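These protein sequences, in sequence, are chains H and G.
Our numbering applies: residue 1 is where the first sequence begins, and numbers increase by one.
Our numbering applies: residue 1 is where the second sequence begins, and numbers increase by one.
A couple of the hints might just be wrong.
Said to hold, decoys possible - Distance condition first, Cα-Cα at most 20 angstroms in a straight line; then the derived DMTMM-like pairs of lysine to aspartate or glutamate:
#1 LYS52/H to GLU66/H
#2 LYS52/H to ASP67/H
#3 LYS11/G to GLU79/G
#4 LYS95/G to GLU79/G
#5 LYS3/H to GLU59/G
#6 LYS95/G to GLU31/H
These aren't lab readings, by the way, just hints derived from the structure by calculation.
As the structure is a prediction and not an experimental result, all values here were calculated from the model.
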Amino acid sequence: DAKTTQPPSMDCAEGRAANLPCNHSTISGNEYVYWYRQIHSQGPQYIIHGLKNNETNEMASLIITEDRKSSTLILPHATLRDTAVYYCIVRVAFRQNFVFGPGTRLSVLP
Amino acid sequence: DAEITQSPRHKITETGRQVTLACHQTWNHNNMFWYRQDLGHGLRLIHYSYGVQDTNKGEVSDGYSVSRSNTEDLPLTLESAASSQTSVYFCASSKVGTLRGTDTQYFGPGTRLTVL
């Protein structure tokens with residue numbers, strides 16, 4: 001699986017959009033980009049995933065660059081409850097193993 | 001609602017004892033996984049199963065075993081607990097992948113294990 005690089009921490013003001021970047025410059029054509037988050041002491045929570053098109057669901061939007069070497073997770077209106085560690089994971093479809101790196105610790109500030 | 005549960009949520013045991021952590025899911029997912037999470041290491045895969053009677057070793061399987069006798073459960077056994085196995089353990093499950101790669105893993109709430 002391709003390695004990903006994320007900033008170790010970010011701050012965001014409550015009510016503003018949180019934009020979390022992820023670099024995956026060695027991604028291959030059949031690898032998907034997944035985002036999970038982990039709120040303190042809880043199990044990781046699935047957010048969104050995509051292959052090459054931008055994706056949106058009720059939680060977030062995923063923007064993948066045209067060359068697929070990076071992506072951005074957007075939380076449109078961050079709340080205090082969005083404070084968590086966010087993991088960007090790249091993996092081949094159908095392969096079962098997710099590799100969780102250190103992620104980005106997002107702090108939403110009042 | 002379908003869910004994934006783990007028990008116990010907290011466990012304290014002594015070195016050398018056998019410990020079993022339970023994981024139960026009601027989604028009828030074929031695939032189940034066990035991870036451990038330690039400070040500075042993120043989540044690491046211990047064992048996984050693609051279906052009944054199937055088990056596979058993950059990245060850090062030494063000292064652990066699993067068995068899959070039905071779809072809903074994947075218990076994790078520590079044969080002889082060691083202090084190095086003090087950790088938070090997460091179970092996850094996913095359905096068989098589809099063309100869209102939607103074999104998303106869903107995680108349980110975790111078990112905090114302390115080995116003294």
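Taking the hints in turn, this is what the structure says about them:
1. LYS52/H to GLU66/H: holds, 7 angstroms
2. LYS52/H to ASP67/H: holds, 9 angstroms
3. LYS11/G to GLU79/G: Holds: LYS11/G and GLU79/G sit about 15 angstroms apart, inside 20 angstroms.
4. LYS95/G to GLU79/G: violated, 29 angstroms
5. LYS3/H to GLU59/G: Holds, because 16 angstroms separates the two Cα atoms, which is no more than 20 angstroms.
6. LYS95/G to GLU31/H: holds, 18 angstroms
Checked against the numbered hints given earlier, this structure breaks only hint 4.
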